[in-house]
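Student: Okay, here's what each chain looks like letter by letter:
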Amino acid sequence: MTWVWEHLGDIGGYAASHALLAGIPLVVGLALALPLGWLARRLPRVAPLIVGGSGLLYTIPSLALFILMPLVLGSKILDAINVYVAMTIYTVALLVRSVVDALGSVPESTALAATAMGYRRLGRALAVELPLAVPVLASGLRVAAVSNVSIVSVASLIGYPQLGYYLTDGYQRSFPLEIGVGIVGCVLLALVFDLAIRGAEWALTPWARAGSSGGSGRAPKEVAAT
Amino acid sequence: MIRFEGVTKRYAGAPGHAPSVAVDDLTLEAPTGQITVLVGPSGCGKTTTLRMVNRMITPTSGSIWLDGRDTAALDEAELRRGIGYVIQHAGLFPHRTVLDNVATVPRLLGWDTAKARRRAAEMLELVGLEAAYGGRYPSQLSGGQQQRVGVARALAADPPVMLMDEPFSAVDPVVREQLQDEFLRLQRELGKTILFVTHDIDEAIKLGDQVAVLRVGGRLAQLDTPARLLADPVDDFVADFVGRDRGYRALGFRGAPPLALRDEPTVRLGAGVGAARAATTDRWLLVLDDAGAPVGWVEPDRLTGPIGPEHLHRGGTVARVDASYRAVLDAALSAPSGRGVLVDESGRFAGTVTANRVVAAMSRPAGASQVDPAGGEDGAGTGADGIRETAGGDPAGTAT
Ligand SMILES: Nc1ncnc2c1ncn2[C@@H]1O[C@H](COP(=O)(O)OP(=O)(O)O)[C@@H](O)[C@H]1O
Ligand SMILES: [Mg+2]
Chain H
1 MTWVWEHLGD IGGYAASHAL LAGIPLVVGL ALALPLGWLA RRLPRVAPLI VGGSGLLYTI
61 PSLALFILMP LVLGSKILDA INVYVAMTIY TVALLVRSVV DALGSVPEST ALAATAMGYR
121 RLGRALAVEL PLAVPVLASG LRVAAVSNVS IVSVASLIGY PQLGYYLTDG YQRSFPLEIG
181 VGIVGCVLLA LVFDLAIRGA EWALTPWARA GSSGGSGRAP KEVAAT
Chain C
1 MIRFEGVTKR YAGAPGHAPS VAVDDLTLEA PTGQITVLVG PSGCGKTTTL RMVNRMITPT
61 SGSIWLDGRD TAALDEAELR RGIGYVIQHA GLFPHRTVLD NVATVPRLLG WDTAKARRRA
121 AEMLELVGLE AAYGGRYPSQ LSGGQQQRVG VARALAADPP VMLMDEPFSA VDPVVREQLQ
181 DEFLRLQREL GKTILFVTHD IDEAIKLGDQ VAVLRVGGRL AQLDTPARLL ADPVDDFVAD
241 FVGRDRGYRA LGFRGAPPLA LRDEPTVRLG AGVGAARAAT TDRWLLVLDD AGAPVGWVEP
301 DRLTGPIGPE HLHRGGTVAR VDASYRAVLD AALSAPSGRG VLVDESGRFA GTVTANRVVA
361 AMSRPAGASQ VDPAGGEDGA GTGADGIRET AGGDPAGTAT
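For the protein sequence lines, the chains are H and C, in the order given.
With the first letter of the first sequence counted as 1, position 2 gets the number 2 in the working numbering; the numbers rise by one all the way through.
With the first letter of the second sequence counted as 1, position 100 gets the number 100 in the working numbering; the numbers rise by one all the way through.
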């Protein structure tokens, strides 16, 4: 246990770096997946290409992608950009499908009503479809967050420091405590992401908690119009 | 005014099938300030017709004109902001409060939030919802309340034209009737140009200034006033669709002329047995409340104490003196005494009339004197006040 206390500063630093490597691609990936998913729904012809194509990206082994990045980007082998870009690709791969499903969860009658009120396409997407898509989107995002936290740990194999370092290092040194720190750190980090996304969802969907009282109970009286 | 000129909508059929025609060469005018109802069986193209007006659906051929402007030439979104649209289940935005739902179109038109919300609050009041509902979400309202919000939302920017697609179909019959009555009251106040879709012929007849009956395949079968539709269906399809009891229902659109009213003996609620028996020799005696409104019939012979609410026979309906033949006849037929109770505009008792008298008035040829000669079969004088002739008439009769 003293090992943990002695290395607390390092552990904190690695955890912060791990959080950034997983979190920033999550945000950027969401920003990319939203328009892609929206396009896929708007253009049924190319939808299989967008959804299938992005899904295929997720099947690339992470280590291969990390190693491939410097070749594609022309970056240095230990540059953090490699990890950021690779993680963004994975996020997009997971989220495009979620965005399509989330937009599909918006009742068609609601979307039609928005059009009938005079919303243009983009206005409708931002003001009506996106807010209503939040619950489905949030569950997709939580899966992506956990996935990101675990994939990032692989980056230690190419020497980029984060919590995964304790897994590889502890394994090489046959030091279970260090491996344990790596595992617990990753689990806690994933939990933090999960809670943060749940919190954001909660804040964005007061309407989903309103429940259906059906106008009974404490509802004010319906008054006859005069 | 909404004008359809030779409008056809064809949908490409499933592979190997012929294209299907949803609306076939429709030419129709929905006059300014009136309710035009499109009615017909499911799948006859009503929704398609409606949605072509605000260009949610593009006609295959033909054109639609709104107050002299070809809708095809207008910007879609701007066109829609100028047309109120109400659908079944209201189609409210679940993520917005009731107030913000209603403020939708004013906001789209660029009003600032405060002004749009003030307007929305006025609209809620107009459709009979308490201000407290403004802060709720649609899921917290009953179906009938949601439908009111849907109407309020459509009216918020005061559009001259309203499209309504089965707006009252999804609520229970009691609420539906209430919504229909309030809708008619609102329309009398607002005078919108309304295209209203329903599959319910009774609703069409109740609400329409004119009714367009469509048959499957999207062809216009008949366009007429409700009274004409009942009196003279053009073919078997329309006759079948309009349904039974056409003759009786048509009476709802004929205002009864001033009828000679019987001078009916009456007694006040709470009067004693003696007073009741002294008032009449007939089996039945009409009871009024302190304001002079009829509350029911009693049998003086069976009274054992002062007349209380529990003694009242309440089966009879009450009609206004200016109501339709249908309402007046119903009052006569439903009264245990056989004498229908008529009231003036303020609900005070005006006199009674027998079914014979109503039928006699009804069967007089048009153009004959509308004034009943004194000394008819029941030998009564005319009710002195509150009797006047009105066209149209109000089919509503209220039970006492
Ligand atoms: N998008 C569509 N594609 C193919 N056929 C359609 C489409 N929309 C409606 N139809 C057909 O057009 C006809 C009229 O539909 P609709 O206007 O919805 O009828 P209604 O509202 O009177 O029930 C129906 O036969 C329906 O199946
Ligand atoms: Mg329909």
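Among the clues, some could well be false.
Distance windows between CB atoms, simulated [what the hints assert, rightly or not]:
{"id": "1", "chain 1": "H", "residue 1": "R209", "chain 2": "C", "residue 2": "R268", "range": "27 to 37 Å"}
{"id": "2", "chain 1": "C", "residue 1": "A291", "chain 2": "H", "residue 2": "L112", "range": "20 to 30 Å"}
{"id": "3", "chain 1": "C", "residue 1": "S169", "chain 2": "H", "residue 2": "L122", "range": "25 to 35 Å"}
{"id": "4", "chain 1": "C", "residue 1": "L184", "chain 2": "H", "residue 2": "P44", "range": "25 to 35 Å"}
{"id": "5", "chain 1": "H", "residue 1": "E108", "chain 2": "C", "residue 2": "R228", "range": "32 to 42 Å"}
{"id": "6", "chain 1": "H", "residue 1": "Y84", "chain 2": "C", "residue 2": "A14", "range": "47 to 57 Å"}
{"id": "7", "chain 1": "H", "residue 1": "R209", "chain 2": "C", "residue 2": "A114", "range": "25 to 35 Å"}
{"id": "8", "chain 1": "H", "residue 1": "L73", "chain 2": "C", "residue 2": "S61", "range": "34 to 44 Å"}
{"id": "9", "chain 1": "C", "residue 1": "D240", "chain 2": "H", "residue 2": "E108", "range": "26 to 36 Å"}
Far from chain H, by Cβ distances over 10 Å, these chain C residues were calculated [stated by the list, open to error]:
{"id": "10", "residue": "G91"}
{"id": "11", "residue": "R117"}
{"id": "12", "residue": "D202"}
{"id": "13", "residue": "F237"}
Covered stretches of chain C (in silico footprint by chain H; criterion: 3 or more residues with CB under 8 Å from a CB of chain H, positions within the stretch not fixed) [to be verified]:
{"id": "14", "stretch": "32-43"}
{"id": "15", "stretch": "217-224"}
Derived by calculation from the structure, the hints in this document are not laboratory data.
Using N, Cα and C, we set each Cβ at its ideal position, and we do this for glycine too.
Student: So, for every hint listed, does it hold in this structure?
Tutor: Going down the list of hints, with the structure as the test:
1. H:R209 - C:R268: 27 to 37 Å: violated, 56 Å
2. C:A291 - H:L112: 20 to 30 Å: At 50 Å between Cβs, range violated.
3. C:S169 - H:L122: 25 to 35 Å: The hint (25 to 35 Å, Cβ to Cβ) holds, given that S169 of chain C and L122 of chain H are roughly 33 Å apart.
4. C:L184 - H:P44: 25 to 35 Å: violated, 43 Å
5. H:E108 - C:R228: 32 to 42 Å: holds, 38 Å
6. H:Y84 - C:A14: 47 to 57 Å: holds, 49 Å
7. H:R209 - C:A114: 25 to 35 Å: Given range 25 to 35 Å: holds, Cβ gap about 27 Å.
8. H:L73 - C:S61: 34 to 44 Å: violated, 55 Å
9. C:D240 - H:E108: 26 to 36 Å: holds, 33 Å
10. G91: At about 3 Å from chain H, G91 of chain C fails to clear the 10 Å cut-off, so the statement is violated.
11. R117: At about 16 Å from chain H, R117 of chain C clears the 10 Å cut-off, so the statement holds.
12. D202: Answer for D202 of chain C: holds, closest chain H Cβ roughly 23 Å.
13. F237: holds, 30 Å
14. 32-43: violated (count 0)
15. 217-224: violated (count 0)
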